[in-house]
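S.K.: Protein chains in written order, with the working numbering: chain A, 1 to 777; chain B, 778 to 879.
One thing to keep in mind: the hints can contain errors.
As the list claims (entries may be wrong) - If we take Cβ atoms under 10 Å as the criterion, some of the chain B residues that face chain A in the derived model are:
1. Thr803
2. Ile808
3. Ile810
4. Asn867
5. Val871
6. Ile874
Since the hints were made in silico from the structure, they are not lab data. By construction, the Cβ of each residue, glycine as well, lies at the ideal position given by its N, Cα and C atoms.
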Amino acid sequence: MPDRLRRLRPLLPGLLFAALLLAVPAVSWAAPVLQEGEGGGGGTFFALIPLILVFPVVGLFLNLLFGKALGERWSGAIASAAAALAFVIAVLQLVSLRAVDYVAQVVPLADWLDIGTLHVPWAFQIDTLSVTMMLVVTGVGTLIHIYAIGYMHEDVRVNGDPSRFTRFFVYLNLFLAAMLILVTGNSYLTMFVGWEGVGLCSYLLIGFWYEKGAGGVGNARAGRKAFVVNRVGDWAMLLAMFLIFWMFGSLTFTDVFKTLAGIRLDATGQMTVTAITLLLLIGAAGKSAQIPLYIWLPDAMAGPTPVSALIHAATMVTAGVYMITRSNALYALAPFSMSVVAIVGAATAIFAATMAIAQFDIKKVLAYSTISQLGFMIAAVGLGGYVAGMFHLVTHAFFKALLFLSAGSVIHAIEHGHHHSAAAHAVGGGGHDDHDQAAPDAGGHAAAAHAEHSFDPQDMRNMGGLWKTLPITKWVYLIGALALAGIVPLSGFWSKDEILLDAWSHQNWLVFGLLIVAAFFTAFYVGRQLMLVFAGPPRTDAAKHSAESPALMTVPLIVLAVLAAFGGLLNLPSIGGWTPPGAHALTEWLDHTLGALPTGEHAVIGEGGAEAGAEGALNFVVAGLSTVVALVGLGAGAALYRGRPATSTAADPLARTGFVFTVLNRKWYVDELYDLIILRPYNWLAGFIANVIDWRFWHDWVHDTLIGGTYNNLSRFAADFLDRGVVDVAISEMPAALARGVAGGLRRFQTGYVRYYALMVFVGVVLVLGYLLFVAR
Amino acid sequence: MQPVPTLYYVALSALLFTLGVIGVLTRRNAIIIFMSVELMLNAANLAFVAFAREFAKLDGQIFVFFVMAVAAAEVAVGLALIVTIFRTKNSINVDDINQLKG
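Kindly generate the complete structure, drawing on both the sequences and the hints.
M.R.: Structural data, given as structure tokens:
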């Protein structure tokens, strides 16, 4: 461990210098703005908010322009420093909000769109909700950036293209900027800009190794799938925005919600609001991977693991939850949409949890788990439990990012072990170091390289026994997994409990039932995964030779593990009659935003004053039930997978259920179903339009036959008849024939015989004389 | 004594001219054609002189001198041409000189 820390040391001056490099111009720019702010309204840092975007953008441009020249250490340091500085800005916003008594601020930057009655300024919405998101995005983002320096160092070599290291950090900073636009924007349109930006980054990063994957196109296909599925959600978002503008005449949050406060909805207005909220739900379903648009997220695991952690677990996929929470005033007026949101979330939670049970890919399990947990959050906001949803969003960001990064560490370890065992088998295979694994079929490695092709370092069946070889990863993984399963007192327990409590206190037994069963499945697959990865003897040589990752990766893991363990402190309930210090912190904090709205959560909570009081307290029935469910699930998973499967090729213990396991393993055949009901008809229609309508009708018939044929016939007529038949004859052939005929007649007179000419002269003279003498007389 | 009537001179002139024409049209020897042309010229001279005497004017006689001068020049050129043609063609038959036919 000290040895590992020592390896970190050369990086520190780099980090510091990069931070300075970014901070000096930024602060010099901000200083006058700051003083202005002090003159206006006391010492706050709200004027600094544009910097939260400036840092990642500057970072990405530095890496874009100079990344290759700077080398891996600098490139990673700049990107991480940019993220860290953005985090500092976010913290400053938190401090400033305290100073102004949590009143929401809007910091205008520029007029963006001003078309007719559409006025969209580019402004920053700073309130407790957006600052929460900023803190999560930049905080978790910074840790993942640092982790990625270590992870990508190996990853680019394993995949055989070290030059892509810089590109990864360019994308990562771009993502950070887009995500921050999403959460800081003060209108639906600016949010949509970030919404699309993160979608783009997601696409770019899923397809980071675009030439890899099944058939050389697997990753590219996964990226495309994510992008296209998200288009469906974005289409709904756009429609929702059109409706919002149509109804409220503005897209900025404050305007819309202010109008909402004084509105009395008629039937049409009610329908419009319901339509808006349902369309927003579809948008959220696309981005946050809910039924029916969740299918892209499992495939998105094709991206490098830090991407899965940052984008596809902690931040981007929670954008839908944030958006619905932000629109809570709209949802409050559409109870039907609320119930749809709750049911979609709960159904997704249980549906995805069942699929996670039967996966073998360590990241796929986590992907389905993410979908399932997002379902919890969506269900929470659907129940009006915005605080619970946001609470779970935050804790989930901690423990799921932790789980993904730990999984990355595990994969890294297995790859390392595999390389070692492969190298050991290749007799006389030349010197090996950590990097030449990338070169396929290199020299004496032929046999090893062969095995490598079929070896999947992400397959949990190839693991086992990692408890002994991964001294740090095992503990952080355990913390993350138990937090996910909802074991008291880890963070996941508190947030999940609050969601369950929301369902309980609303007496929405359908949602409650679905969620509690989902919680059971969650605990079960967590137990299964822990046993498959860490317990028992190693099932492969790779697992046997695995080794812990460098400190650059484990330090962020430890920080995240602390957060995942103690994240529950953010919003502790009062237990029994006792209120622990700092209880309800997040509720009070978010209440400044959610409660400030005229028709916010208060309307929902306010239905019964007693209930509102009960929400803040730990309900021992619900908490007990969820704990029992979690423990039983964990226990069942652990018992079932204890020492099984014994080898990497043995069947899964659950495979005894036969059909059920197959269905779960094949993800309920949803991909196949979509293929059948959407892709096939779509492709058929596209083929029909292309081949029949476009090609045969439009091209062959309209163009070739109708237009081309007519034109050809016309021009043939003009050429053959008019030109050659009439014009040529009239102006060239006939005069030519005439001239030829005349000349042919005349040439007879020119014989060349002088006598003949003389005779002509003579005859002429005789004729002229005859004329003069006899006729003209 | 009665002067010879002008008509006779003119008739003789016409006869000589006709002989010249026939000579030019029918003969093939360039020299003879040349001589025929001279005959025609002199027939014209005779007519000039005859009418000069008839009308008691000197114009016709002066014309005759001009014609004789031109004829002399023509002889010089014409004979030179004939010599040159003979040298190239080895013949003075005018039917051999027909390269200008159409």
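S.K.: Could you run down the list of hints and mark each one as holding or not?
M.R.: How the hints compare with the structure:
The interface hint given for B:Thr803 holds, since its Cβ lies 8 Å from the closest Cβ of chain A, which is under the 10 Å cut-off. Taken as an interface hint, B:Ile808 does not check out: its beta carbon lies about 14 Å from the nearest beta carbon of chain A, beyond 10 Å. A least Cβ separation of about 8 Å between B:Ile810 and chain A falls short of the 10 Å threshold, and the interface hint therefore holds. Proximity of B:Asn867 to chain A is violated relative to the hint, the smallest CB-CB distance being about 18 Å (cut-off 10 Å).
Annotation: interface hint on B:Val871 holds; nearest CB of chain A at approximately 5 Å, less than 10 Å. Here the hint on B:Ile874 is kept, as its CB sits about 7 Å from the closest CB of chain A, short of 10 Å.
This entry does not satisfy hints 2 and 4, going by the numbered hints stated previously.
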